[in-house]
Every structure is written in structure tokens, then in C-alpha cells.
Amino acid sequence: MPKSLTIDPSEVRQRSAIKSQEIPVNAYAATPERERKKYGSENLVRIYRDMVYIREFESMLDGVKKEGAYRGVEYDHRGPAHLSIGQEAAAVGQCFHLSADDFIFGSHRSHGEILAKSFSAIEKLGESDLIGIMESYMDGASLRVVQRFTRGDAKDLAINYTLYGTLAEIFGRENGFNKGMGGSMHAFFPPFGVMPNNAIVGGSADIATGAALFKRVNRKPGIVIANIGDASMGCGPVWEAITFAAMDQYRTLWDQEVGGNPPILFNFMNNFYGMGGQSKGETMGFGILARVGSGVNPDAMHAERVDGYNPLAVADAVERKRDILEEGQGPVLLDTVTYRFSGHSPSDASSYRDKSEMDLWYQQDALTNYGEYLKENRHADTSRLDAFRDDVTERLVNVFEAATSLELSPRVSIHVDSIGEMMFSDQYQDRLSEKAPEVLIPKSESRLKTTLAKHRFGLDGGKPLPKLQTLTYAEALFEALMHRFYEDPTMIAYGEENRDWGGAFSVYRGLTECLPYHRLFNSPISEAAIVGTAVGYALSGGRVVAELMYCDFMGRAGDEIFNQMAKWQSMSANVLQMPMVLRVSVGSKYGAQHSQDWTSIVAHIPGLKVMFPATAYDAKGMLSLALRGTDPVVFFESQRLYPEPETLVEGGVPTEYYEVEMGEPALRRRGGDLTIVTVGAVLYRALEAADELSDKHGISAEVIDARFINPLNYDKIVESVEKTGKVVLVSDACERGSFLHTMASNISQLAFNYLDGPVAVVGARNWITPPAELEEAFFPQKEWILDAIHERVLPLTEHKVSTVQNVEEIVRRNQLGV
Amino acid sequence: MPKLGQSVESCIIIGWKKQKGDSITAGEPLCEVETDKSAVEVESPVSGTLLDVFFDEGEEVAVQVNIAAIGAPGEDVTGLKPNVAAENPPEDKSPGTSDEAVQPPPAQPAALEVPQTRLSKQDRSKRRISPRAASLAEELGVDISAIKGTGPGGRIIERDVRAAPPTALKPAAVQTRLTPPIQTDLPPGEAQTAPLQGTRKIIAERMLYSIQTTAQLTLNASADASALLSFRQRLKNSAEAFDLQNVTINDFILFAVSRTLPDHQELNAVLLKEAISQYESVHLGFAVDTPRCLMVPVIRDANTLNLKAISLEAKRLTAACLEGVVSPDELTGGTFTVTNLGSLGIESFTPILNPPQVGILGVGNVNLKPVEVDGEVRHIPHIGLSLTIDHQAIDGAAASRFLGTLSGRLTAIDLLVAM
Ligand SMILES: Cc1ncc(C[n+]2csc(CCOP(=O)(O)OP(=O)(O)O)c2C)c(N)n1
Ligand SMILES: [Mg+2]
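Taken in sequence, the protein lines are chains G and W. Each position in the first sequence, counted from 1, maps to that position plus 6 in the numbering used here. Each position in the second sequence, counted from 1, maps to that position plus 44 in the numbering used here.
Okay, chain G solo, but in the shape it has when bound (with noise of 0.2 Å):
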């Protein structure tokens, strides 16, 4: 799409041959000298320990899981434990050139990595630091516990506090790094780089990808690892992540300055298996994992397979791809292998491996040869290493006590709404950084300057204006985020078609030309890396818009979000926030797979600020307020509005800015005898039920536009309930599951009394979308309207029906299932 870049035919068509990059394959070949030459004996030494905790640590809950004890103590661990018993040089030597300021974001087994990670933060950062972050970390809380069993210094506090804050965290106690809002699967801690681990499988790649991308745009230092499994590739947002992350626009385009690509290194843990089903040989078809690096880009990843049996190996090969990935030369892969002792779970009877197998593995455990390499080599003696073991299981045998004990690691209350006040973080913030925004141009020079010159109220005195020469509801939409765009250095803006194009619906129309790339730019058609980028973006501090042009592709990033934007800033006990908006649009016209309103699907989510708003002044109100929010919102838009002014509001769209409070209904008509409810463009469609009703029939009705899904306030809507005691709910939503259903059943749990009829649902009818011409008998019409009021609520007097609208049909429909 861009102009600069020319495709041209004769270079495209020429013959030619493409010559794979060599991926080298376990070619690490460093001495011994020369290895303690660069590492010294105390740090080869303390890798070693390192893997000790981590096999100590995972014993132990292997233990807990199987025998219900650890040293005599007793406990029932309801939970998950994927352990990580054999895998642990793979993390320990992954960590060791890692700062606090590189991230790694990891799998349901990544215990080991959160310790070898916060182990390697505290080695160096200084006392100071470490004390800070623990006494403002949760107010102190686990730091407190900590201190009454630690004697030593703040590193020796610093190691019992991730040891103990790691094992609350997996015993569900408030005083774990998340509050056992994670538990064992999704812990993590931030300020050692310690980023979220996630138990959908994959679910790390584009999330670390979006946190590279933070760290690009943001010019923030550190990498940024992605820690998952090798049965991962064969997850569809893996291979989008690895293609978002390999763009070449970001070298070709990008400011040079902003630094190429985002320094995300995937690394998968190949330990070969996913619970049972092989990745070699069974399940993938890649033979070495690292292959993929050559399908991806002509630098193949800059892909190695990794001995993660060796620590040093794997150091080095993160030390290396460092460099490159600080070069903007990322993204890169690495293929470590391991092999897992324990099973994929405490329930894993093993029936997918040959116990010759694992005694293979055994014979070559990393800690024992490690161990046998620094004593060879005279960095330690066995005394030494042996007194690692007693040093953690004392270490561990308090932790133990304190995790388990209730007095001092409760669970957080679920007497109050503790969970409830979790999920939103609820915070307005003009500007998450204090920068100054990159801009190309002042504001006064942009696209503003017509938007802002157009009337701003689409009527006048009842006559409509020319369309072209008055701000339409797809403007007013560009006016909110142009003046978030000028306000937060932080906020980006990217997916499909966005830059040039102006995204599909040309909202983003004049962006192009104030913003540089990396704060508005296409992405690879990959809506669940769309998405999943901007949750890491928006997790790692900064402001997102991902955008997906139709809610129908909301499919294509399911995952992404219902279990990811959705959730982590309750799943991280509000450690996290997520000033993310995801916009979509509902379509029309074009068929079954691009028009259907999913509202409902995302009302169903906990942990989503849903808003659809149907004028001009509430577009821009809307998504202003959305886009100062700290928390996750779907913005639904509507394709049918786009190009419409704002005729309801008086006084139409304020050309400065202003927010519409959140969760309030509109009251777009006042009357007296029935309430019909909207839920996005359908509004237009009931006033003109809501006219003919007056007109024909004598009948006032109230007209209220709901215009937010989650949060919702019911005030306005029951009282005027109560005053009417007749309601239609309308939605262009397909009619089953409809949101509109949860309203009713709120509706008449809130006004039963006041009800003269029951609550009626209008909605689409239970099908595809059929083609353009035949959509009127498919999204409710005004005739609909009337017809159930008719039907259901109150008969109009010498009213003939149009459509069928009765009660036995709503039971033939559900019999038919349509």
C-alpha cells in the first residue's frame, strides 16, 4: 500500500531462487577456560543454584500434589501444578543475562522461569531497589510475612520473598504476587520483568509481541521474551505473533530512530511433548523446530536450536540474540531443547512415553552434569553444592509454613465484593507518559480543520443539512481520537488498512498525515495478533486502539479477547491495567459473514466495558471517554451510521471535547405510555415505531437509546418502566442469546410490579444474514416494533399486523431452533 514502496513487475517476475538461511543446531562449543574466563566462578556457581531452588521448589509442590505433605505439613492443594522438574537449566541459563528491564512472559509451566528470572533481577539490582520494590509492592504485605523467618541480607529477603510470593500466589492467598487471582499458571511479577504467564497455550506470543512493540515505540530498554511450549506451533496466534512481530515495515518505513523491529525473542521450551502428543515426529511436521525461522523472513529468525540441557549453551545463545534483537533486527527464535521429568500434570500417568526414554534423559540431567562440570572444572566442591540443598529446603520449609497457613496468607475476602472491585481498574488518565507526543503536524493543520468547520447538527429546523457539508457520525469519531492522539505520546493505532486507507470506514482518514508510522500502521491480517499485541502493548503502560474492521472477526481473536483482554487486569489483582479500545463495526449489506451485531457475545465476558453508541455526539462523547479509561472497551460502531449526522442531540457535537458519563442511557424521547429500549442503529428504526405509535394510536412512547452494554446503570431505564409499565427491547442482535434478554430479565426483576405486560424482545431473526436486498426480513424493522407491541404488550386498536409476532411464535421458532 504505501506509495514509496513500488511493486514492480519485472523484479517480481524474474526468475530466480530463494537460498534458505543455515540454522545452526546445537553449536554451542565454548571450553571450559573460556567459560570461566567470561562467567567467574561464583556466577557458574550460582546457576547451579539456581537450578537447585527451581528442583527443590518443584519437588516440592510434586509432593504436595501426591502425598497432600511437604516435610511432615500437611496440605490439600486444590489447584494446578505443571511442574518443570528437568527443564531447569533451560530457564536458569535463559535468565542469566537478563535484567530487570527485559521481560519474559511465559506457559502454564513456568514456575521455574519466574524464579530463575526474579533471581536473576536480584542479583542485580541493588539493596535499595530490592527493599523498595518490596515494601511498595502490595503495601509491604508479603514482605512483612517474609521477614518474620529471613535472617540475612536484602538479597536473602528478596529470595524467600519470591519464593514465598510465587507459592502464595499458587495456593490462591491474598498475599501471592497476584492475590491468587492467577494462581500457579498465570503468577507473575512485574517488577523483576517477571510479565504474565498464561495457561492458553500460545497465549504468550502475541502478548510479548505487543510488549516488544511497547518497548520500540516507547523507547523503552530491555527484551523481550516469549516462553512457550513447542506443541504451541501449531497455534494460529503463535505464527500471527511471529508474523506481526516480522513485518518489514518496521525497518523499511519506521523511523530509524524508533529502532526496527520489536525486540521479541520466541522461544519455545522444547521439551517435545505437549501433554502426550509428540511435536517430533507425531503431531508437527517441522522435524526441528527451529525450521520455522526459515518460512519467515530472509534472516529465518535468526532461529537456533539450543541445547537446554547445557545452562552456558543457553546463555550464550541469549546473550547473542540479544544483540540482534537491540539492533531491530528481531524478531528471533529459539528452539531450547529440555525434557520434563514430572508429568504434563499431577494426573499424567505417563502412558505417551517408554520409561527407557526418560532414563535417557535421566542419565543426562543438566543438574547432576552441571554439577559434575563445576566440580571437574574446580568451581565448587560437593560440600558446596550439596549445601544449596539444605540451604533451600530450609528456606522452603518456612515458606511452606507461611504459605499454607491461613492466619498469615489469607484468602482475600470473598465476604465483600473483593473480586468484583478487581475487575475494572477504573482509573481516567489523559496521558500515560509524560512526553511530548511524536506528531507530524500541528493539530490546527490537520484534517480538523474541516471536520470542525462542518455543522455540527444535521437538521435545521427539521430540514436536513447536505450530508457532505455536516459532521457525520464517522468525523466525530476521528475528532475523539485525534484528540487523544495529541494529548497521550503513548497511544498507537494500528490494524487492518488503517494508514493511507484510512481503516476501512475511513475514520482514520487524516491520521495518516499527523502521525508517524509507529503510531498508526497496518497490520498483517492477523486479528488474534491484532488484538493480542495490543494487550501487551496495553499491559506493558501504554495507550491502544486495535481496531478489526468487523465484529464478525472477532472470531479470528477469540482467545484474545475473552481470555486475555478480559481478564488480566483481575487475573493480576490490578497489578496490570488495560487502556486498550478494540473497535468494531456491525455491518450490513454483505452477507452473512460480515453483518451481525455481536454485542451479546462480549456482554457474556466478565472483565469488558462494552459501548455501541447510534448518533454523531455520542460517538465522539463515547469514545473520548473510552480512550481516557484505563480499562479494556469493544467499542462497537455502526456501518449504517457512519456516514450520519447527529439529528437527536440538540445543539449537535460539540466541536471541543467532552465525555458522555459512563453506563448512562440515553433519553432520545420522552413519553408517557411504553418504553422502548435500543441497543445501537436500530434507534431509528423505533422512532419511527415511536411516531407512527403517537401519530396513528395516540400513544406516547419513551424512547431510550442504552448505548452502553458494560457497565450499564438501570436507573433511567427502570423508572421510566415504572412510569409506563409497558417495554420493547430492540436490538439488531440475533434474537437468541440476545443482551437484550439479560436486560428483560433485569427489567422485570426491577419493575415486575409496575409491569403491564411482559418484557418484549425484538432482535434478528434467528439466521444468517441473508443478501442486501432481503436484510429487511432479517434485522428488526419498525414494523417488528409494532407488531410486538401489538402482540405481546398492549393491541393497538385497527392495528393489522404486518409480520408474525405472537407468543406461539416465539415457541415455533425455538422448536425449529431458528
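None of these hints come from the bench; they were simulated from the model. Predicted model, so just to flag it, every value in this text is computed and none were measured. Glycine included, every Cβ here is placed at the ideal spot set by N, Cα and C. No false leads were slipped in.
Taking lysine-lysine and the DSS-like style, the derived pairs with C-alpha atoms no more than 25 Å apart in a straight line are: (1) 317/W <-> 729/G; (2) 192/W <-> 806/G; (3) 280/W <-> 352/W.
With the Cβ distance kept under 10 Å, some of the chain G side facing chain W (calculated, not the full set): (4) 758; (5) 761; (6) 763; (7) 764; (8) 796; (9) 812.
Here are some of the chain G residues that sit facing chain W, going by a computed Cβ distance under 7 Å: (10) 731; (11) 759; (12) 760; (13) 762; (14) 797.
With chain G fixed as given, assemble chain W with the ligands onto it according to the hints.
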């Protein structure tokens, strides 16, 4: 159980006229039942043998429920037996008496006899009224059984309650009963004890309700009855063809009241929940003493009827009450009541209001009263009038003015009739 009037939801079976095994012909009385307003005989709709009766005497049965089976001897009628558990929800067990352990398991929802079509499912809901209409009806004291629903499927909706005719107004049910601070054991000695039930129970509740919820004030007066007596005599002696011989003193009173109330609308009114509704039309109730109990049928639009018409209607209603065939709808919706104990020799008494009405006129007997006329005491026949009003709604002076107008008009009844 036939539906004996719009407002009737259930009836009590007072007695079976036939026993199981008896043969019965269509039209023959099958049993006697009692609604809250009257006792009625239920006639057999068909001829045949009484194969089974499903309820005992004294039991309350919802209308439209099978009470008996009539057919050919030997026929299987088990399918006709109503499922009592489903129809009459079990009464609340008072706390303390219930013993979880020994209670039988809760009844399984009865298998439905009706074929399970969609429509019959919807039709099964007995009370088709919106919650809003129901609360409004309660607030306004509208008897929902007396109105027709215009909502979908005949549901009573708000507008139906608002459009309810005054005849659909009813006294609210007794809400609380005071615990009597009196002995609860029977006095010693033989006694014939009958449960307080049926109409007696309803009357008991209404009387108590009346006394508990209204501010009753009775005013006594008397009216010169000379003209009344002579006019009455004149009619008695009139030619049979006029059909006026049976006009009673009470008919005159009803007539006079029907003509006086429109000029004193504050007495032709009902008081319901903070609102007083005055009526132009006079729906005149009058007390009828029947062997079973006191009944108050209502003469509709009495102010539009002439003396003879009032007299005929009063006769018809009285007869219906005595025969027990008065329809429950004829017993509701009055705006004022007249009760007459004069024929029983009572001079004056304190009539009890019939809420939500705010006035009731008691009529005593005719007595000679010494009156000074032109310095000379003469004995002139006077008829006793005792007016009870609800002092919440009406002041004593207004009520006195009404009594004054009324006695004036009774004194000149011949002129009033001529008007
Ligand atoms: C999207 C998704 N699919 C399936 C699962 C169930 N599951 C959990 S772990 C796992 C195997 C993952 O294997 P791999 O990625 O190699 O990681 P490892 O367990 O070997 O560390 C599966 C299938 C899941 N958590 N998420
Ligand atoms: Mg694996």
C-alpha cells in the same frame, strides 16, 4: 363447579342433594354451594348415575373444577378426578408444628391430564392480569373479576383497571384481625357450635373491617310521615291495573333517597386509599333479611327509575335473595345503602357502614310524635331515620343537611313523586 358470577373464584359445598349411586336427571339439584355472597343450587347438567363425588361437604372448590362424575354405572371415572394438590396449594404449616423428619415427601407435580398443546399451556394461567394492573386494582379497590381484559389474550392490563365501572369497586379484604382480649374457652354448658364459614364468615369479616377501618358517626332524626302514610294508603287502594298496590314504605324511602343523593353527592361516594370518589349515578343497596343471612342487593341507577320501577326492582331482588338465586354481580357495586328495621318495631339504631361506601341510612318504624302546632300539641306520625356516615369522608354538618333535605322530601313525598 360452575362459575357463579364473574368474581367467583371458588365455592364451598354446603351439602350434596344426591348420594353416590343415586340416579339423577338433568336439571335436578345435585348439591348446594355457597359463594362469598350467596348460596346456590347446582343442577345436574346431564342425566345418569352419580358415580362419584370428589369433594366433601364444607370443602372449598375452585370454579371449573370437576366436583362429581355422572355416567353409566361401572364407567371408569378416575380420569375425571381433579388433582386437588395441584389446584389447592397446601396450606402453610405454622412454624414449630412442622417436623421435617415425619413429613411426607413433597407431592410430585401432578402429571397433566390436559393434552400438552402450546395454547392450553398458556390458558392454564387462571389469573390473566399484569402485575401493574393487579397493583393498580388493589390500590383503587377494583374487583378484577368484574372487568374484562383487553390486553393480549384477554390479559387485564392497566387501561382496563382505569376504565373499570364503579360497579367493579369492592371493599378491600380484611387485612388484620385483632386478637380478642377475651376468654377463648367456651362458657360451660351445652352449646351448639357451628364453624364460622361461608357467608357468615364473610359477613363477620366485613363487619369487623367496617368497624376497624371507618370513622362511624350516626345521626338520628325523624320525618313527618303523614303524607307518606296517606300516599301509601292511596296506592294500596288504587285500581289493580296500575300495579301500584304493593309499593311499600321502604320503596318510598328508596325513591326519596335516590332523588336526594344527587344533591348531596358527598354521601353518594366511596372512600378508597386516600381518595374519595363521588358518583352522579345512584347505585342503591338495600338490606334484605334472608333466613341464611343479611344480603344487600343493589338497584342500579336508581336515580333514573321512577317510584314504581324502583319498587319492582326491589321486589325482584328481594325475591332473588330469598330464593338464593341472586347473582353475585347483583350484590356488588353500590354507592349508598338503605337498611330498614322499622317493620321489626325498631325506632332507631346505628347502621353499620358497608365500605367503601361512606353512608348508610337506617329506617325505623313510624311513631306518633307530639308536635306543637299553632300553640297546640298534636300527635303526628313520624318515621325514624338513622344515618351512619364515615366521618373520614363527610362532616357531620353535611350529613345533617342531607338528612334535612331527605326528611323534607319525605314530608312532601307526594310532591316529590310528581316532580
Ligand atoms: C488453547 C489451549 N489448548 C489446549 C490447552 C490444554 N493444554 C494445556 S498444556 C497443553 C500442552 C502444551 O504443550 P506445550 O505447548 O509443548 O507446553 P508444555 O506443556 O510441554 O510445557 C495443552 C494441550 C490449553 N491450555 N490451551
Ligand atoms: Mg512441550
